[in-house]
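Got chain L sorted already, so can you dock chain W onto it with the hints?
There are 2 protein chains.
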Amino acid sequence: MKPFVIGVGVTKFGELWDISPRNLVKEAVTQALADSGITISEIDAVFVGNMLSGVLGNQENLGALYNDELGLKGVPAFKIEGACASGGLAFHNALNSILANKYKTCLVIGVEKMTDHKPEEITNALMAAAHEEERTAGLTFPGLYAILARAYCKKYKITEKDLASVSVESHYHAALNPKAQFPFKVTLKQVMESNYIADPLKLLECSPISDGAAALIVAGFDGKKMKRGVEVIASEVATDSLGLSGRNDLTTLKSTVLAAKKAYEQAKIVPSDVDVAEVHDCFSIAQVLALEDLGFFKKGTSLKEVIKGKIRLGSGAPVVNPSGGLKACGHPIGASGVKQIVEITIQLRGEAGKRQVEGAKIGLTHNVGGSGAIAIVNLLKI
Amino acid sequence: MKPFVIGVGVTKFGELWDISPRNLVKEAVTQALADSGITISEIDAVFVGNMLSGVLGNQENLGALYNDELGLKGVPAFKIEGACASGGLAFHNALNSILANKYKTCLVIGVEKMTDHKPEEITNALMAAAHEEERTAGLTFPGLYAILARAYCKKYKITEKDLASVSVESHYHAALNPKAQFPFKVTLKQVMESNYIADPLKLLECSPISDGAAALIVAGFDGKKMKRGVEVIASEVATDSLGLSGRNDLTTLKSTVLAAKKAYEQAKIVPSDVDVAEVHDCFSIAQVLALEDLGFFKKGTSLKEVIKGKIRLGSGAPVVNPSGGLKACGHPIGASGVKQIVEITIQLRGEAGKRQVEGAKIGLTHNVGGSGAIAIVNLLKI
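In the order they appear, the protein sequences are chains L and W.
So in full-length UniProt numbering, spot 258 of the first sequence is number 258, and the numbers just go up one at a time.
So in full-length UniProt numbering, spot 373 of the second sequence is number 373, and the numbers just go up one at a time.
Here chain L stands alone, though its shape is the one from the complex (with noise of 0.2 Å):
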């Protein structure tokens, strides 16, 4: 038995203020069961990812919500939380649940609405995916991923206008990707001149709040494989520490090293076998850590070879985060992990357009929960 990704959608991110979560969730299921060719009463399993629902939004159980929205009332479904990750280990559950038999053909969906709400009230509920000491210390996520950055510059004499490169290249594909919340380049002096949310991390080093959803049909195939379908080669989850306090390093993601080799052990790879990736960016020091810790680069010299062109369309080796990653096409919580998914099969398939990697045959998504307490990698191949 393999898992295929067989039908894939999202809907555009953003602050979509006239949509609700379920009819977010409808537009990308929608385009999903279009693509796969397959109907809604093929579906034996639906996996929900997300965070934030019922903080946000006092409404828990989506799994039979969804559901009952989707005309799939009587099939199993199952919400899977794990803070900004949450999607990507939906799909974990969602993959085991295949390789089990148990399900033939499921049905993995990721959302968030974030932007109706107050930002402190977001700020509060991001918080949950963090230790409590960080929460009760006055800290949020741009403070966290700023203390990383601080650590990252020192060990290895980064500056701030090199880290700040990173946000260029995001914003140099996601002009490429009508679907993302910022479709637009941006220069590395705009970037220098953006507020400081965390010194020394500035706006435009930051994902934005966004609205989203993202879906995809996944199967379980023993001969051979369906019309268009991306295997699924491998698919691992590491934890580490929830609070920084608890690492011995701050200069790398444990979770994503170990994630990373024990994919690439499970696909029987290394990491320049890897074409095309879509990275867990929301900090700009969060795609840094990224880039090296699942081995494109060697440690501390991920920002020259950015600089350089290394991770863009056309001269990357990977091209990294092609979608506009979190960063430039936005961070709907639960639908991240799913969306970084999607892109990986549409360039697979060769059908990302304007934004092709050319060539690709082998795809990585990385999706990381809090600050590194949970990562999950999954590797991609046509």
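FYI, nobody ran anything at the bench for these hints, they're computed from the structure.
Heads up, the beta-carbon is just placed ideally off N, CA and C, and yes, glycines get one too.
With beta-carbon atoms standing in for the labels, derived distance ranges:
1. E133/W / T187/L: 47 to 53 Å
2. Q190/W / N23/L: 46 to 52 Å
3. G314/W / G138/L: 56 to 62 Å
4. D273/W / N101/L: 21 to 27 Å
Relative to the frame of chain L, chain W by itself:
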């Protein structure tokens, strides 16, 4: 590959103001590990069932949090939510990962901490499990189940006194369970004289607000099973409309009927083969519906049988809710579905002491989310 429950643990259920959620979890997990005879280093993945930690405790990312607390840093971890069925659904996903040969040995945790909060906060938080049209109409869960009770009593000409008799049975069993929140008997007169919460449901027909945790070690074996291992012979999930307005029969929970049908087919048994069951009795009417929807008694007849002692220790066939059930053992939301499996495991091993169901070979657990939006039925065998 066959999955077995090889270790169980459960804390006292009740108003546990002097113990934190993480310490409840540690207590249950320590018991489960000792019971299984394995060490914590043998755990491959963790599945946490919880509903309210985000809304009531501002803490999500519980998988990583508890891993950190338990000394399981690195190990994959997932939080599964499906309202009051969260614990059962966490178990189901652990089973699938074992059947997939992805993880060999899983730790399943169910936990909830409710009593530290104001009643109106708890009521609001719980209503996240319902449909928004029910919340905005001012309905609460006692109200929703009272609607079901009225429909059932009208259709089958059941008196309030008959309905109230279920609670007497639950408390009869709870008096034999030192972990129960209410380990004492009540008389039918006491139930009838307790205040109405939502007519016709009275205080002593409603499960309480509770704190508590439960834990299971679940492992897959190809050949001979581990010492004292209890085999999981079926685990089936089904959904229904989230709100009552989407159903055409309020005297049955279709999700239970569907999950039970699939589970019996999977295990190749019939309801009369079940020796002992833990069913989801958040209200007296919930237990009545369960007894019939699970096939133990014909529709409309279960209360007559209950009054004859047909679910009681010594004379029951099957014995139902020897733990005292949600009503009298307590209902810490995410913990309930896991505690049911703990109780059935202990019963099948013949280690339930004063509340032992003699010669029990096959056990059933039944866990419901919302007012029947989702249900899971597990079958276990010694």
